[in-house]
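Kindly produce the complete structure, drawing on both the sequences and the hints.
When you read off a place in the sequence shown, starting at 1, and then add 1411, the result is the number in the numbering used here.
Don't read these hints as lab results, they were simulated from the structure. For every residue, glycine included, the Cβ atom is placed at its ideal position computed from N, Cα and C. Among the hints, a few may not be true.
[Said to hold, decoys possible] Taking lysine to aspartate or glutamate and the EDC-like style, the derived pairs with C-alpha atoms no more than 20 Å apart in a straight line are:
| # | residue 1 | residue 2 |
| --- | --- | --- |
| 1 | Lys1701 | Glu1721 |
| 2 | Lys1698 | Glu1664 |
| 3 | Lys1789 | Glu1722 |
| 4 | Lys1789 | Asp1753 |
| 5 | Lys1789 | Glu1721 |
| 6 | Lys2050 | Glu2024 |
| 7 | Lys2021 | Glu2036 |
| 8 | Lys1687 | Asp1706 |
| 9 | Lys1807 | Glu1846 |
| 10 | Lys1526 | Glu1469 |
| 11 | Lys1698 | Asp1719 |
| 12 | Lys1461 | Glu1531 |
| 13 | Lys1743 | Asp1697 |
| 14 | Lys2021 | Asp2047 |
| 15 | Lys1601 | Asp1546 |
| 16 | Lys1743 | Asp1706 |
| 17 | Lys1550 | Glu1616 |
| 18 | Lys1789 | Glu1757 |
| 19 | Lys2046 | Asp2077 |
| 20 | Lys2046 | Glu2024 |
| 21 | Lys1615 | Asp1648 |
| 22 | Lys1550 | Glu1592 |
| 23 | Lys1743 | Glu1695 |
| 24 | Lys1698 | Glu1711 |
| 25 | Lys1452 | Asp1502 |
| 26 | Lys1552 | Glu1604 |
| 27 | Lys1687 | Glu1555 |
| 28 | Lys1461 | Glu1522 |
| 29 | Lys1789 | Asp1665 |
| 30 | Lys1552 | Glu1592 |
| 31 | Lys1698 | Glu1721 |
| 32 | Lys1807 | Glu1757 |
| 33 | Lys1452 | Glu1533 |
| 34 | Lys1687 | Asp1648 |
| 35 | Lys2001 | Glu1972 |
| 36 | Lys1452 | Asp1539 |
| 37 | Lys1552 | Asp1620 |
[What the hints assert, rightly or not] Ranges of calculated distance between the beta carbons of each label pair, as one might list FRET restraints:
| # | residue 1 | residue 2 | range |
| --- | --- | --- | --- |
| 38 | Arg1473 | Val1593 | 57 to 67 Å |
| 39 | His1783 | Glu1806 | 12 to 22 Å |
| 40 | Gly1996 | Val2054 | 14 to 24 Å |
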Amino acid sequence: MAGPLRLWGCGDWLLFFTLLGTLCEPGNGQIRYSVREELDKGSFVGNISKELGLEPLELAERGVRIVSRGRTQLFSLNPRSGSLVTAGRIDREELCAQSARCLVSLNILVENKMKIYGVEVEIMDINDNSPRFRDEELKVKINENAAVGTRLVLPFARDADVGVNSLQSYQLSPNLHFFLEVKSGSDGQKYPELVLERALDREKEATHDLLLTAVDGGDPVLSSTTHIRVTVLDANDNAPLFTQSEYRVSVPEDVPVGTRLLTLTATDADEGINGKVSYFFRNEEDKISKTFQLDSNLGEISTMQLLDYEESRFYLMEVVAQDGGALLASAKVRVTVQDVNDNAPEMILTSLSSSVSEDCLPGTIIALFSVHDSDSGKNGETLCSIPKNLPFTLEKSVDNYYHLLTTRALDREETSDYNITVTVTDSGTPPLSTESHISLKVADINDNPPAFPQASYSASIPENNPRGVSIFCVTAYDPDSGDNAEITYSLAEYTLEGAPLSTYVSINSGTGVLYALQSFDYEHLRDLQLLVIARDSGNPPLSTNVSLNLFVLDQNDNIPEILYPTLPTDGSTGVELTPRSAEPGHLVTKVVAVDRDSGQNAWLSYRLLKASEPGLFSVGLHTGEVRTARALLDKDTLKQSLVVAVQDHGQPPLSATVTLTVAVADSIPDVLADLGSIRTPVDPDDSDLTLYLVVAVAAVSCIFLAFVIVLLVLKLRSWHLSRLLQASGGRLASMSTSHFVGVDGVQAFLQTYSHEVSLTADSRKSHLIFPQPNYADMLISEESCEKSEPVLISDKINANKEEPSVVQVSFLFQ
1412 MAGPLRLWGC GDWLLFFTLL GTLCEPGNGQ IRYSVREELD KGSFVGNISK
1462 ELGLEPLELA ERGVRIVSRG RTQLFSLNPR SGSLVTAGRI DREELCAQSA
1512 RCLVSLNILV ENKMKIYGVE VEIMDINDNS PRFRDEELKV KINENAAVGT
1562 RLVLPFARDA DVGVNSLQSY QLSPNLHFFL EVKSGSDGQK YPELVLERAL
1612 DREKEATHDL LLTAVDGGDP VLSSTTHIRV TVLDANDNAP LFTQSEYRVS
1662 VPEDVPVGTR LLTLTATDAD EGINGKVSYF FRNEEDKISK TFQLDSNLGE
1712 ISTMQLLDYE ESRFYLMEVV AQDGGALLAS AKVRVTVQDV NDNAPEMILT
1762 SLSSSVSEDC LPGTIIALFS VHDSDSGKNG ETLCSIPKNL PFTLEKSVDN
1812 YYHLLTTRAL DREETSDYNI TVTVTDSGTP PLSTESHISL KVADINDNPP
1862 AFPQASYSAS IPENNPRGVS IFCVTAYDPD SGDNAEITYS LAEYTLEGAP
1912 LSTYVSINSG TGVLYALQSF DYEHLRDLQL LVIARDSGNP PLSTNVSLNL
1962 FVLDQNDNIP EILYPTLPTD GSTGVELTPR SAEPGHLVTK VVAVDRDSGQ
2012 NAWLSYRLLK ASEPGLFSVG LHTGEVRTAR ALLDKDTLKQ SLVVAVQDHG
2062 QPPLSATVTL TVAVADSIPD VLADLGSIRT PVDPDDSDLT LYLVVAVAAV
2112 SCIFLAFVIV LLVLKLRSWH LSRLLQASGG RLASMSTSHF VGVDGVQAFL
2162 QTYSHEVSLT ADSRKSHLIF PQPNYADMLI SEESCEKSEP VLISDKINAN
2212 KEEPSVVQVS FLFQ
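In structure tokens, the structure reads:
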């Protein structure tokens, strides 16, 4: 663009600005300038200061500036020169496109005068755009038998410039068959056309390459070209031809959808559209169109859905090949479907027994079913089987029917129901199989009696139990079901000590809980032997027995019973005799007691609870022997009173006490002599002490006289009793050992004495017993322990172990 600018000489510029000055004088009202496009920024457009009649320096003082609206600022004022210059490069084609004139309007504001001047600038076009085709290469087709004069429309070029700078003409490269004609449209655009000047022959020259040039009228001239390839189309003078008249193919039925089965091939000697063959089915059935797909361009037949040998074993179809000129050819296609083992066998249950009794006979029919396979040949041959560990078998009937039979007796308690899996397998490769399940319940019969987990039971209950308390629970199990497994409990009846067992215990028939109907006494009844019967509700009912040993446990409900010394029934107190010369540890007497309880409740211990002379006597903890703890002194009183307590080891412990009176003397006369020295305790406040002492002396004297008389009487009586005892023939010696005192196997071993002297006492009299110890040991019978009379002691024991004689001497003291 710089080239054309250089062509302007100085004279031209002077003439140009003179013309502008004439057009833009200040009195005209509208200032007009013209400027070429594509000038550099700051290029001179017009002298504004001159047009306004101002000096350049006055423009800033008067506030002269350009005001415009809605458009990019294309021009600006130079404050130094007062000229209107370009604000940047101006592209006329961008501003005005193909308009014949391109005018840009703006306003000049003189602010101190508040006056607006209009300025109009015309943008002059320069040849800065060459003509342009849209495509650099154009392909045109023409039939080889086209007539001379046939016109082919060519693409036209566009030029953004206007006037003489725009597109002016087209030029075509030289050739033998075509020439160029240019037509002008109503819009002024020139359209080129290619005209056939000589007939074509595709076989000689199939394509023609031409060059089309577009030229504008600028200076210098600008142009552009496009390449035109003319393709000569062949005439359709040959029909398609298939390689085979009939196509055959065999495919397995399990081919995937979309599998290509075969490709049909048809050829056409022509070229182009006349030689392009398209394929399609002719007169096809709906089944064909839904099952197969034909590629119209490649001739490939593929599957649209799965094939099924059982539905259709072959397909017949007709395929047509057509070229671009509507010439046709046809061929037959036969698709044969091969069977594969794609159908599993089917089992149809015809008859079934849902339950069977466990006592059914072998060979009982359980089910009847049939088997079918849709495949053919070996693929349709079937084989049925069931697990071998079941008591059933399969037996083939007519056609494909099978019976399911029992092979042995069933046991519901072992297996209550069966889930029989029948497997049907065909002979295909690979084989296919189907499993069907037959559920069979085994009906129960009453073939099992109730059973107890243990062969026998034992239970215990403490004595003195409340009535109605539960003792024990027995539970039996019956492997049968329903009524055959409903168990009732009962007790075998028998009499115990003259009373029915049902008066002692009872059992809940439904739960098997055993209850006590009365309070048990261990000392009276220690155990019960029960027979529990469990009976089911079957028809006929079955029963089972089990023994139950019920033990009564002892409780500490009996206090110790003192057997010796016995308490006289007449209110007298027995007296034990101890010589004054007794050494420490001398056996004075022995307290004998028993306890009707057992075990720990019958373990007895003895202790000295109270003594008139502390420290003089001691009591054996386990033996009950009363012994002297020290030597007797002269100051010790004649009469010693001891209180011995007997206690068991129960919880809580029970005890009994006995009071012993011990007389300290070497012999009976000494006792009588010492009795005179016994003084009745007196109250220190009693003023009649002397009177009581006199009465005591008199009483002792009377007692002594009476003692002598009684002694003589006893001697005579003893002699008389010895005679009677000899006549009795040793009746006491024949006494059975069962009469000896004993509780829980423990018998009291007592120490007896050979002589007994009794001295009874009440409020005014005393009865004293002076036994002389005989250290022979014997067991005292239970009968003798129960007597309330004083114990009879033999006068002497002869060397022949005869029955001892008994002498009783009574002294009466006033």
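Hint check:
1. Lys1701 / Glu1721: holds (17 Å)
2. Lys1698 / Glu1664: Given pair lysine 1698, glutamate 1664 holds - Cα atoms ~16 Å apart, limit 20 Å.
3. Lys1789 / Glu1722: holds (18 Å)
4. Lys1789 / Asp1753: holds (12 Å)
5. Lys1789 / Glu1721: holds (14 Å)
6. Lys2050 / Glu2024: holds (10 Å)
7. Lys2021 / Glu2036: This hinted pair holds, its Cα atoms lying about 15 Å apart.
8. Lys1687 / Asp1706: holds (14 Å)
9. Lys1807 / Glu1846: holds (17 Å)
10. Lys1526 / Glu1469: This hinted pair holds, its Cα atoms lying about 15 Å apart.
11. Lys1698 / Asp1719: With a Cα-Cα distance of about 12 Å, the restraint between lysine 1698 and aspartate 1719 holds, given a limit of 20 Å.
12. Lys1461 / Glu1531: Since the Cα atoms of lysine 1461 and glutamate 1531 sit roughly 16 Å apart, the hinted pair holds (cutoff 20 Å).
13. Lys1743 / Asp1697: holds (17 Å)
14. Lys2021 / Asp2047: The hint holds at about 16 Å.
15. Lys1601 / Asp1546: Judged against 20 Å, a Cα distance of about 17 Å means the pair holds.
16. Lys1743 / Asp1706: holds (16 Å)
17. Lys1550 / Glu1616: Roughly 16 Å between the alpha carbons, so the hint for lysine 1550 and glutamate 1616 holds.
18. Lys1789 / Glu1757: OK: lysine 1789 and glutamate 1757 at ~15 Å, within 20 Å.
19. Lys2046 / Asp2077: holds (15 Å)
20. Lys2046 / Glu2024: Roughly 11 Å between the alpha carbons, so the hint for lysine 2046 and glutamate 2024 holds.
21. Lys1615 / Asp1648: holds (17 Å)
22. Lys1550 / Glu1592: Holds, at about 18 Å.
23. Lys1743 / Glu1695: holds (12 Å)
24. Lys1698 / Glu1711: Distance of about 18 Å is within 20 Å: holds.
25. Lys1452 / Asp1502: holds (12 Å)
26. Lys1552 / Glu1604: holds (14 Å)
27. Lys1687 / Glu1555: holds (17 Å)
28. Lys1461 / Glu1522: holds (17 Å)
29. Lys1789 / Asp1665: holds (17 Å)
30. Lys1552 / Glu1592: holds (18 Å)
31. Lys1698 / Glu1721: Within the cut-off at roughly 15 Å; holds.
32. Lys1807 / Glu1757: holds (16 Å)
33. Lys1452 / Glu1533: Distance of about 17 Å is within 20 Å: holds.
34. Lys1687 / Asp1648: With Cα atoms ~13 Å apart, lysine 1687 and aspartate 1648 stay inside 20 Å; holds.
35. Lys2001 / Glu1972: holds (14 Å)
36. Lys1452 / Asp1539: Answer holds: lysine 1452 to aspartate 1539 is near 18 Å, not above 20 Å.
37. Lys1552 / Asp1620: holds (12 Å)
38. Arg1473 / Val1593: 57 to 67 Å: 58 Å Cβ-Cβ, so the 57 to 67 Å window holds.
39. His1783 / Glu1806: 12 to 22 Å: This hint holds: roughly 18 Å between Cβ atoms.
40. Gly1996 / Val2054: 14 to 24 Å: holds (21 Å)
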